[in-house]
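S.K.: With the sequences and hints as input, model every part of the structure.
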Amino acid sequence: MLINAIRAENLKSRHSNMWVAVAVLPLLTAAIGAIIYGINASVSLYDGDMWQQLWLQTGLFYGYFFFPILIAICASFLWRLEHINHNWNCLMTTPIPQSVIFIAKLVVLAKSIFTAQALLMIFIIIVGKVGFRFEQPIPIGMLWWLFMGWFSALGVAAVQLYLSMKIRSFAVPVGLAVCLCIAGLACYITGLGSMFPYSQLILGLSSQEKTLPIDSLTTLVPMVVFYIVFFILLASRRLKKIDIVAG
Amino acid sequence: MIVSTENLSKEYDGIYRVNDLDIQINEGDIYGFLGPNGAGKSTTMKMLLGLVKPSKGSIEIMGKSFNEKNRQEILKSVGSLIESPSYYGHLTGGENMEIIRRLLGLPRKNIEEAVHIVRMEKQMNKKVKNYSLGMKQRLGIAMALARRPKLLVLDEPTNGLDPAGIEEMRELVKTLPTKYGMTVMISSHILSEVDQMATVVGIINHGELIFQENMSVLDAQRQPYIILRTSDNNLSCQILRNMNPLRTGDGLQLGALSDEQTGKAVQNLCANDIAVYRVEEHRESLEDIFLNLTGKEMTL
Ligand SMILES: Nc1ncnc2c1ncn2[C@@H]1O[C@H](COP(=O)(O)OP(=O)(O)OP(=O)(O)O)[C@@H](O)[C@H]1O
Ligand SMILES: [Mg+2]
Chain E
1 MLINAIRAEN
11 LKSRHSNMWV
21 AVAVLPLLTA
31 AIGAIIYGIN
41 ASVSLYDGDM
51 WQQLWLQTGL
61 FYGYFFFPIL
71 IAICASFLWR
81 LEHINHNWNC
91 LMTTPIPQSV
101 IFIAKLVVLA
111 KSIFTAQALL
121 MIFIIIVGKV
131 GFRFEQPIPI
141 GMLWWLFMGW
151 FSALGVAAVQ
161 LYLSMKIRSF
171 AVPVGLAVCL
181 CIAGLACYIT
191 GLGSMFPYSQ
201 LILGLSSQEK
211 TLPIDSLTTL
221 VPMVVFYIVF
231 FILLASRRLK
241 KIDIVAG
Chain Z
248 MIVSTENLSK
258 EYDGIYRVND
268 LDIQINEGDI
278 YGFLGPNGAG
288 KSTTMKMLLG
298 LVKPSKGSIE
308 IMGKSFNEKN
318 RQEILKSVGS
328 LIESPSYYGH
338 LTGGENMEII
348 RRLLGLPRKN
358 IEEAVHIVRM
368 EKQMNKKVKN
378 YSLGMKQRLG
388 IAMALARRPK
398 LLVLDEPTNG
408 LDPAGIEEMR
418 ELVKTLPTKY
428 GMTVMISSHI
438 LSEVDQMATV
448 VGIINHGELI
458 FQENMSVLDA
468 QRQPYIILRT
478 SDNNLSCQIL
488 RNMNPLRTGD
498 GLQLGALSDE
508 QTGKAVQNLC
518 ANDIAVYRVE
528 EHRESLEDIF
538 LNLTGKEMTL
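In the order they appear, the protein sequences are chains E and Z.
The opening residue of the first sequence carries number 1 in the working numbering; numbering runs sequentially from there.
The opening residue of the second sequence carries number 248 in the working numbering; numbering runs sequentially from there.
Among the clues, some could well be false.
Claimed, not checked - Over 12 angstroms on every C-beta distance to chain E, these chain Z residues come out as not near it, computed from the model:
{"#": "1", "residue": "Leu419"}
{"#": "2", "residue": "Gln459"}
{"#": "3", "residue": "Gly510"}
What the hints assert, rightly or not - Among the chain E residues that face chain Z by a calculated CB cut under 7 angstroms, a handful are:
{"#": "4", "residue": "Asn4"}
{"#": "5", "residue": "Ala8"}
{"#": "6", "residue": "Lys12"}
Stated by the list, open to error - Quick look at which bits of chain E chain Z covers, simulated, 3 or more residues with Cβ under 8 angstroms:
{"#": "7", "region": "13-26"}
{"#": "8", "region": "124-137"}
{"#": "9", "region": "188-196"}
Derived by calculation from the structure, the hints in this document are not laboratory data.
We put the beta carbon where it would ideally sit given N, CA and C, even for glycine.
M.R.: Put into structure tokens, the structure is as follows:
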């Protein structure tokens, strides 16, 4: 059942402009990171871990804003499909549990987030190897960052997917994401990072510092899982309760 | 009984837009669901599909009461097309059908058959956003047929079709019960459309089911009658008074007369020096019956 629904969602997202966003935002991020790194490198002779340095500069805007906004855009794209051309009618008259409908979309969103993460990683490697000719070996820790960044973003994905399901507009949930990012930043600074999805994401991405403390991990992982489950339940409850209005 | 509702009602903003419907649809019926704009047809059909939650009353479909527990089981055998066809415009017709196939876990054969029934084989590689409205409508029907439903719910499926398309749709719907064992509920505000295919008619007006009968009962009500126009209609009324004539605008109306009775009446008038201009046989149309029931003209 779930597998079938995911396969259907995969097909729906084919040729979607969502993938343009998934490719462009990491590219933009890597470009900005490269410029900042370039400016800094020309004034100070840094001789530590070059990769980590480049990585830190790149990750700054990405974690605080670009990444959550990309997730919001993808979530809006995924639901826009259903909000237009009366697709709600068709979707809700298929014999599929409401939760499965939401989970299938969450899986596709998770896939696109992972793609964005992987692309950014590749772009960073290109910038380091080709742009700045780093001699140091590519740190294997990048894979850990790739995974943790992806995983810790899933809470945000669940929230945004819920918002975009509920709100017919494409832009409003993205705007809300910007506000929530600021709240996330505040939580992160005050040390409540693992409690709030938008700061969980910052925390997860900061595993580039090789120092994501293990006690932070033990609260982060259950909290991410909590938000995922919570919003799946919320979404499925909503779909069971409301009158479907197709547009 | 495929569909049976009891006191089915829906309230919007304090007004019952659908009020106490007891709809009964038997297996193999083509149930023509008629009503003017805003009568509550779409709302009723959405309730039957679980899209809209009833404010009151209950629904039974194929013997199962429509609730969260039975929802999936019921929807497996119900195909539908509500208001406007659903489609993913950035994908081809074939991909749209494939989505349905995956969602429902159907064999490919079902898709081929459904596409064949609506004769859309040649359009499968075209993006749906480039389809005409009629093609979208047919794709929507193919999607509804793909699961080989026991019950097919069609809400104004001829909307936006040209006369040829309407005729084709009518022919298609007529074959579904006999050929595929389906029961069809089809809504319309065009009476003549339903007149020629429905076996049962339900008429809804201001949210109330004001009529629900077999077509044969309606047909029996539609007795032909005779209209006479003469050189002196008033005098004719006098002369034919034992036939209970009804004086109309420019003539008189007699009930259902046999050939013999008609001949007698005309002879009688001629004998009284009245010239008979016209003898016309009329039959009450479904529109007239509808007008009597709702006091509203049914128009396109
Ligand atoms: N979501 C809603 N909120 C408020 N009122 C609604 C809603 N949906 C329908 N209505 C009202 O309920 C009434 C019945 O609407 P419905 O769409 O069922 O009519 P219909 O018979 O399908 O008409 P049409 O022939 O125009 O399709 C209308 O007066 C409509 O304005
Ligand atoms: Mg309607």
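S.K.: When the structure is checked against the list of hints, which entries are broken? Sort them ascending.
M.R.: Failing hints, ascending: 8 and 9.
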